[in-house]
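With chain A fixed as given, assemble chain B onto it according to the hints.
The lines below spell out each chain.
2 protein chains.
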Amino acid sequence: MNSLPSRVFETAVNELAKLPGIGRKTALRMALHLLKSRKEDAESFGMAIIRMHNEIRYCRECGNISDNELCSICGSPKREKSIVCVVEDIRDVIAIENTGQYNGVYHVLGGIISPMEGIGPNDLNISGLVVKVESGSVAEIILALPTTIEGDTTNFYIYKKLHASTIPVTTIARGISVGDELEHTDEVTLGRSIINRTPYENTILKKNQ
Amino acid sequence: MNSLPSRVFETAVNELAKLPGIGRKTALRMALHLLKSRKEDAESFGMAIIRMHNEIRYCRECGNISDNELCSICGSPKREKSIVCVVEDIRDVIAIENTGQYNGVYHVLGGIISPMEGIGPNDLNISGLVVKVESGSVAEIILALPTTIEGDTTNFYIYKKLHASTIPVTTIARGISVGDELEHTDEVTLGRSIINRTPYENTILKKNQ
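Protein sequence lines correspond, in order, to chains A and B. Read in order, the letters of the first sequence are residues 1 to 209 in the working numbering. Read in order, the letters of the second sequence are residues 1 to 209 in the working numbering.
Don't read these hints as lab results, they were simulated from the structure. Any given hint could be a false lead.
Stated by the list, open to error - Counterexamples of contact, computed for chain B against chain A with all Cβ distances above 12 Å:
#  : residue
1  : SER6
2  : CYS59
3  : GLU80
4  : LYS81
5  : ASN103
6  : LYS132
7  : VAL133
8  : LEU162
9  : HIS163
10 : ILE167
11 : ASN196
12 : PRO199
As the list claims (entries may be wrong) - Coverage of chain A stretches by chain B, computed from C-beta distances (three or more under 8 Å per stretch; other residues unrestricted):
#  : segment
13 : 6-15
14 : 83-91
Positions of the beta carbon are idealized from the N, C-alpha and C atoms, including for glycine.
One chain only, chain A, in its complex shape (with noise of 0.2 Å):
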C-alpha cells in the first residue's frame, strides 16, 4: 500500500496498526471512523488511553486491576483468602469469576514466562506470591495458567519456587485442550476444571510415563 496523503492520519493509522491482531487496511477503516465520528468523541477515545495508563491502579494483595487499595474480590469477607487461584491476567479472573464455581481469591502474575517475547520471572509477579505463601496464611495455591509451552514452564518455576513449603500446588483438569487459550473456553469446562483440580506432581508423572 502506498504511503498516506497525511501525515497526522498517516501516524494514527500506524498506531492502530500496533494494536494485536491488527492489520494496515482494519487499522485505515478505524482510523477513517475516528475521523468522521464527532471530535469529542475521538477526544474522549484517545484521552480514554492516555488516563487509563496514568490513573489505573493494582490491588495490594492480588495484583489484579483495581480502582482501590483492595479490589473487590479481596476485600469481600465471603471470599476464602486462604485459597489461591494463579492466573496470568484480569481477563482470566473474569472468566473464572463467569463460572461461579471458585470461591478463592486470586494472584494476577500479569503474564507468563516467554523467552520469545522475552519476558522472564522477575517481569512477573511471582515474588508476592512467594512472600505470600511464606507467611503462612495460604492453604492451598491453584495454578490457572494457559495449557501451552509458556504455561507449563511458568507452572513449573512456581512449583519449584513453593517447594519449600508444604502447602498442595494444584492444576485446574485438563478438560481444556492443549494449545487453547483460557479465556476463549467454555463456562462448563472451565467450571468444572476448577472443582476437578489435581495435585500438580500428578500432571508431571503421566507427562514422563
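Just chain B now, with coordinates in the frame of chain A:
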C-alpha cells in the same frame, strides 16, 4: 461479561469496543496490550488519534485528506484534471492508485447516501462536484462507488444532479461482483474496470429489462 474492577480500565475498553468490527473481548485484549506497553507508547497512541482529528486538512479541489491545500494528486502537473473519478473515501483512492491504470483526478464524497445510517446527500461533498462541473473544467465524470444499494442510490443522485450538463457520466465496469467492497477487489479486476467503464445510461437500461 461482568463489569471490570477499574473505572479507567472499563472506560478504555468501552472506547476501544466502539471501533468498527471490534467486540468486547477483543477490546479487552487491546486495552491489556496498551496497558502492558510503555507509558510513552500508550501516550503517543492516544495523542495520534486526538491530533489527527484536530490537525487533519482536506484538499481544496478533491476533498481528499491532505497535508497541504492541494493533495499530491491534484497538485501534480502529470494528472489529467478534466477527468474526475468520484469515490466514497480515501481507501478507494488508494485502491485505484494501486492499479496504476488511472491518470485523472478524484472527487472524494466522504461517504455514500445511506438512510440506514442517517447519511443524506447534504452530508456529502456533492455540491462541490456540481460546482466543478458547472465551471466547465470537467470533460468526464467516472462514478466509482461501491456496487451496493447505497452506491447505486448515490450514483443515481449524482447522475440526476449533473443531467443538465452535456459531459459524459460513466461508471467503472461491473466486473466487480455486486455487493463487494471496492477496497477488497484485486488490482487486475479493478484496473480493468477503470478501462472498460461504460455510460451510466447502459447500466440503468440493463436493470430495467
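Status of each hint after checking the structure:
no.	hint	result
1	SER6	violated (5 Å)
2	CYS59	violated (8 Å)
3	GLU80	holds (19 Å)
4	LYS81	holds (17 Å)
5	ASN103	holds (15 Å)
6	LYS132	holds (19 Å)
7	VAL133	holds (24 Å)
8	LEU162	holds (25 Å)
9	HIS163	holds (29 Å)
10	ILE167	holds (27 Å)
11	ASN196	holds (24 Å)
12	PRO199	holds (30 Å)
13	6-15	holds (count 8)
14	83-91	holds (count 3)
In this structure, the hints that do not hold are numbers 1 and 2, in rising order.
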